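Number of protein chains: 4
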Amino acid sequence: MTSDIPAVRQALDAAGHPALLIVDSISGLACAPYEHDAWGVDVTVSGSQKGLMLPPGISFNALSPRALEASRTAKLPRAFWAWDEIVEMNKDGYWPYTPNTNLLYGLSESIAMLLAEGLDNVFARHARWAEGVRSAVTAWGLPIQCADANVYSPVLTGVITPVGVDADAVRRLIHQRFDMSLGTGLGKLKGRMFRIGHLGDSNDLTLLATLAGCEMGLKLSGVQLAGSGVQKAMDYFSSHDAPDVKAV
Amino acid sequence: MTSDIPAVRQALDAAGHPALLIVDSISGLACAPYEHDAWGVDVTVSGSQKGLMLPPGISFNALSPRALEASRTAKLPRAFWAWDEIVEMNKDGYWPYTPNTNLLYGLSESIAMLLAEGLDNVFARHARWAEGVRSAVTAWGLPIQCADANVYSPVLTGVITPVGVDADAVRRLIHQRFDMSLGTGLGKLKGRMFRIGHLGDSNDLTLLATLAGCEMGLKLSGVQLAGSGVQKAMDYFSSHDAPDVKAV
Amino acid sequence: MTSDIPAVRQALDAAGHPALLIVDSISGLACAPYEHDAWGVDVTVSGSQKGLMLPPGISFNALSPRALEASRTAKLPRAFWAWDEIVEMNKDGYWPYTPNTNLLYGLSESIAMLLAEGLDNVFARHARWAEGVRSAVTAWGLPIQCADANVYSPVLTGVITPVGVDADAVRRLIHQRFDMSLGTGLGKLKGRMFRIGHLGDSNDLTLLATLAGCEMGLKLSGVQLAGSGVQKAMDYFSSHDAPDVKAV
Amino acid sequence: MTSDIPAVRQALDAAGHPALLIVDSISGLACAPYEHDAWGVDVTVSGSQKGLMLPPGISFNALSPRALEASRTAKLPRAFWAWDEIVEMNKDGYWPYTPNTNLLYGLSESIAMLLAEGLDNVFARHARWAEGVRSAVTAWGLPIQCADANVYSPVLTGVITPVGVDADAVRRLIHQRFDMSLGTGLGKLKGRMFRIGHLGDSNDLTLLATLAGCEMGLKLSGVQLAGSGVQKAMDYFSSHDAPDVKAV
Numbered sequence: 001m002t003s004d005i006p007a008v009r010q011a012l013d014a015a016g017h018p019a020l021l022i023v024d025s026i027s028g029l030a031c032a033p034y035e036h037d038a039w040g041v042d043v044t045v046s047g048s049q050k051g052l053m054l055p056p057g058i059s060f061n062a063l064s065p066r067a068l069e070a071s072r073t074a075k076l077p078r079a080f081w082a083w084d085e086i087v088e089m090n091k092d093g094y095w096p097y098t099p100n101t102n103l104l105y106g107l108s109e110s111i112a113m114l115l116a117e118g119l120d121n122v123f124a125r126h127a128r129w130a131e132g133v134r135s136a137v138t139a140w141g142l143p144i145q146c147a148d149a150n151v152y153s154p155v156l157t158g159v160i161t162p163v164g165v166d167a168d169a170v171r172r173l174i175h176q177r178f179d180m181s182l183g184t185g186l187g188k189l190k191g192r193m194f195r196i197g198h199l200g201d202s203n204d205l206t207l208l209a210t211l212a213g214c215e216m217g218l219k220l221s222g223v224q225l226a227g228s229g230v231q232k233a234m235d236y237f238s239s240h241d242a243p244d245v246k247a248v
Numbered sequence: 249m250t251s252d253i254p255a256v257r258q259a260l261d262a263a264g265h266p267a268l269l270i271v272d273s274i275s276g277l278a279c280a281p282y283e284h285d286a287w288g289v290d291v292t293v294s295g296s297q298k299g300l301m302l303p304p305g306i307s308f309n310a311l312s313p314r315a316l317e318a319s320r321t322a323k324l325p326r327a328f329w330a331w332d333e334i335v336e337m338n339k340d341g342y343w344p345y346t347p348n349t350n351l352l353y354g355l356s357e358s359i360a361m362l363l364a365e366g367l368d369n370v371f372a373r374h375a376r377w378a379e380g381v382r383s384a385v386t387a388w389g390l391p392i393q394c395a396d397a398n399v400y401s402p403v404l405t406g407v408i409t410p411v412g413v414d415a416d417a418v419r420r421l422i423h424q425r426f427d428m429s430l431g432t433g434l435g436k437l438k439g440r441m442f443r444i445g446h447l448g449d450s451n452d453l454t455l456l457a458t459l460a461g462c463e464m465g466l467k468l469s470g471v472q473l474a475g476s477g478v479q480k481a482m483d484y485f486s487s488h489d490a491p492d493v494k495a496v
Numbered sequence: 497m498t499s500d501i502p503a504v505r506q507a508l509d510a511a512g513h514p515a516l517l518i519v520d521s522i523s524g525l526a527c528a529p530y531e532h533d534a535w536g537v538d539v540t541v542s543g544s545q546k547g548l549m550l551p552p553g554i555s556f557n558a559l560s561p562r563a564l565e566a567s568r569t570a571k572l573p574r575a576f577w578a579w580d581e582i583v584e585m586n587k588d589g590y591w592p593y594t595p596n597t598n599l600l601y602g603l604s605e606s607i608a609m610l611l612a613e614g615l616d617n618v619f620a621r622h623a624r625w626a627e628g629v630r631s632a633v634t635a636w637g638l639p640i641q642c643a644d645a646n647v648y649s650p651v652l653t654g655v656i657t658p659v660g661v662d663a664d665a666v667r668r669l670i671h672q673r674f675d676m677s678l679g680t681g682l683g684k685l686k687g688r689m690f691r692i693g694h695l696g697d698s699n700d701l702t703l704l705a706t707l708a709g710c711e712m713g714l715k716l717s718g719v720q721l722a723g724s725g726v727q728k729a730m731d732y733f734s735s736h737d738a739p740d741v742k743a744v
Numbered sequence: 745m746t747s748d749i750p751a752v753r754q755a756l757d758a759a760g761h762p763a764l765l766i767v768d769s770i771s772g773l774a775c776a777p778y779e780h781d782a783w784g785v786d787v788t789v790s791g792s793q794k795g796l797m798l799p800p801g802i803s804f805n806a807l808s809p810r811a812l813e814a815s816r817t818a819k820l821p822r823a824f825w826a827w828d829e830i831v832e833m834n835k836d837g838y839w840p841y842t843p844n845t846n847l848l849y850g851l852s853e854s855i856a857m858l859l860a861e862g863l864d865n866v867f868a869r870h871a872r873w874a875e876g877v878r879s880a881v882t883a884w885g886l887p888i889q890c891a892d893a894n895v896y897s898p899v900l901t902g903v904i905t906p907v908g909v910d911a912d913a914v915r916r917l918i919h920q921r922f923d924m925s926l927g928t929g930l931g932k933l934k935g936r937m938f939r940i941g942h943l944g945d946s947n948d949l950t951l952l953a954t955l956a957g958c959e960m961g962l963k964l965s966g967v968q969l970a971g972s973g974v975q976k977a978m979d980y981f982s983s984h985d986a987p988d989v990k991a992v
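Heads up: the sequence lines are chains B, G, A and P, in that order. By the working numbering, the letter at position 56 of the first sequence is numbered 56, and the numbering carries on one by one without gaps. By the working numbering, the letter at position 20 of the second sequence is numbered 268, and the numbering carries on one by one without gaps. By the working numbering, the letter at position 53 of the third sequence is numbered 549, and the numbering carries on one by one without gaps. By the working numbering, the letter at position 183 of the fourth sequence is numbered 927, and the numbering carries on one by one without gaps.
A few of these clues could be false.
Straight line, CA to CA, 27 Å or less: simulated DSS-like cross-link-like pairs of lysine-lysine [what the hints assert, rightly or not]:
| no. | chain 1 | residue 1 | chain 2 | residue 2 |
| --- | --- | --- | --- | --- |
| 1 | B | Lys91 | B | Lys75 |
| 2 | A | Lys587 | B | Lys188 |
| 3 | P | Lys976 | G | Lys339 |
| 4 | A | Lys587 | B | Lys190 |
| 5 | G | Lys438 | P | Lys835 |
Now the in silico label distances, taken between C-beta atoms and shown as ranges [claimed, not checked]:
| no. | chain 1 | residue 1 | chain 2 | residue 2 | range |
| --- | --- | --- | --- | --- | --- |
| 6 | A | Pro658 | B | Met113 | 46 to 54 Å |
| 7 | B | Ala127 | P | Glu779 | 20 to 28 Å |
| 8 | G | Pro344 | P | Thr746 | 18 to 26 Å |
| 9 | P | Ser983 | A | Pro658 | 19 to 27 Å |
It is worth saying that the hints were derived from the structure and are not from the lab. Note that this is a predicted model, so its numbers are computed, not measured. Don't be surprised by glycine CBs; every beta carbon is placed ideally from N, CA and C.
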């Protein structure tokens, strides 16, 4: 789901609360609008392996002056990344420890690709994919994990399996039969759902393949589906142009 | 389509005809049974970019002793690959000209992968994919290019578009809208068909994505389809285990 | 330099001291003999980017039962890698957070390469390279950072520049003129030395190129050298067979 | 060696001779000045694996209008590349047969790199490397294959071994001992020489490594050298700035 970060900031400010506002934007960054500075975020955490279209292996923090100031006097134990060392050496383009240089080259390239496409196009592309995937889940008659349609995620759709159906068994069957690995439900949703990612370097057909794997796997697992999600998503993608098609 | 090579050999032998039997097995090699020696083929031509799962860039010939003998006295003008030079230098593992060394490393790896899977499994895998794809084309109500079902190709299905529909325009629309490039009809079939490849490093979901792209593109081009080929292929793949699934 | 780990273990045991023995073997692992279990080490820290011949990006810990036991009751603040989560999920082949999957594939391959060569050959190869490089530094008349020849490192040679010569300026000149980046002196040796690595996927000629870059850079920086280290290293490598040459 | 192509053209024109002027510029292209149009060349043949810094795998022809005209009426048997098919399909960006697509992407990148460096810098870089390598061969007291110093090649230096020394045995020793593969003498120079390439994606230190491998290999083969070529080349490279160093 998406969070209304500016509203959180406003609430903190209205209450005069000194807490730092920390945002995990690992999946969302470069897929949906995000404004570290304009929204008054103090710490943003992100990583390479989602919207930045790279293998996993690097993570980074964006810091507000307030966060940096707080870190200087904070008593909280810190480890791996104590910002001061990093900030100091980054001034000259270096790191205190050996960085993942290969992924830094990749990051430079993926950022160039995103800027060439235009961030507005990138965000519209993800929104359209998400809409298509949700139309498929709805056609199946299965609930989407996020209860409030206003805060649906543009990068991930959680599919709730019917009571009595082990979602992890469905995932294993799909992996074994159709060579596709789906994300599991985490925490208290373990075994109740699986996750479909729709972000980064993808396209309509890849998503339809994903939906086809889910649809076949659900049926083979004995789940009664209300209709074909693949058909519904084909209808959706056919009748809604991708944002970048217009530019061709 | 497939050809009955042993029958051609037998016909040549029965007629006592001295012609060399030359087979182009660029698409078929490593996808369907093929026996250069046992079938009495004199020259087989193949390449890297199909069943051998490599980028395009190398081609090779398998030669019978009879073909080598004929080449020694033949008056036919020859160029690029005059076998004698190659055969002579290959004895020591070299080539008369600079070979595509990178693809030779790749070829070594792809052959190891094919032998690890087992050629019988590889052939069964392709036969199953082909059956699934043809079930989709039949569901669309469109003719398959090959008139005789006994000689359907396990690696490629040619789809004939209805009279009045420019198959190349359909291909362009699919490329533009869905980021998928389909093979064109060649020679007198230009504009009348498109080709779906189903060979090499692929899987059920990739083929379903391909079929989804075709189905959406045909509909957007105004072609009336008898039914959903994607649905039919999902039914087929769900009810027919892949040969290597059994071994898991 | 190398450390006599078993002697440290013996000293701890002799004193009946409860401290855990923790070893940083980032550079040494897979270059020199190392026995986590046999030497009674409690925690070994290593990484991908040295003797394991991979890009930087993963690090790992080897743990003794005693270290695991201590971690369960320790009050010390811990962060990034709290072992318990990792140990729990590793049982099934998973990680609590997204691992650097690409480097794990690479690690599998590099370990296969090392075992195919034979660890004794790998260690002898590094010892020979180190000897050759040190012979060059000695020929230059410059001190090697490690004062005790009995504990020279097989993977790295630190070269002390003469008083008045800024080692970092020498490094910059070499980088600018000869496209080679050398390691800097750390801590109180900053500006007094540079480091030559000789480990992993290398060979005699690569090391001679490295020495040539150093020798030219030192001379261009005005350092008076006693003799040619490149010539000395060529003599050494020519008169001492590599361990794996014998097997050809 | 280099050839004075404009002079050949002038001689043909002066004689009024109708022969086409055909140039093999496989090694020279993108290493030394070459003007297909301005020099009146009719056919230039080149390939990917030298100055264009790519793996081997593609070759190409540049054609004059006169060559194209001649090909239309020529009776000469032609095979593999009959230009007419290629020229026709290249108009739309296609090929009559499957091209080596991967290397075409690589070619696009390598051309961008060469133009970014500037062709004059590229040519000066190769001229400097060649001078350094020849200074080393001269220091060894061995003859360079090219008798006329005015037409030395900027990309390759052929080293003549003394009478009685099998150059191919020297090459094998160097390969076995120092992991370096040198080019052999071709045709009547077989066994009398080896070839040192100095072109493309290289630098001073790589060339010094190459020279070190040759120098050690020659000595181990019992060749009496007049002096150290490695030392001479280090002196040369140290006292002659690379053309692109100036721009830093």
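Hint-by-hint comparison with the structure:
| no. | hint | verdict |
| --- | --- | --- |
| 1 | Lys91/B / Lys75/B | holds, 25 Å |
| 2 | Lys587/A / Lys188/B | holds, 21 Å |
| 3 | Lys976/P / Lys339/G | violated, 41 Å |
| 4 | Lys587/A / Lys190/B | holds, 18 Å |
| 5 | Lys438/G / Lys835/P | holds, 18 Å |
| 6 | Pro658/A / Met113/B: 46 to 54 Å | holds, 49 Å |
| 7 | Ala127/B / Glu779/P: 20 to 28 Å | violated, 53 Å |
| 8 | Pro344/G / Thr746/P: 18 to 26 Å | holds, 25 Å |
| 9 | Ser983/P / Pro658/A: 19 to 27 Å | holds, 22 Å |
Hint compliance for this structure: hints 3 and 7 are not met, and every other hint is.
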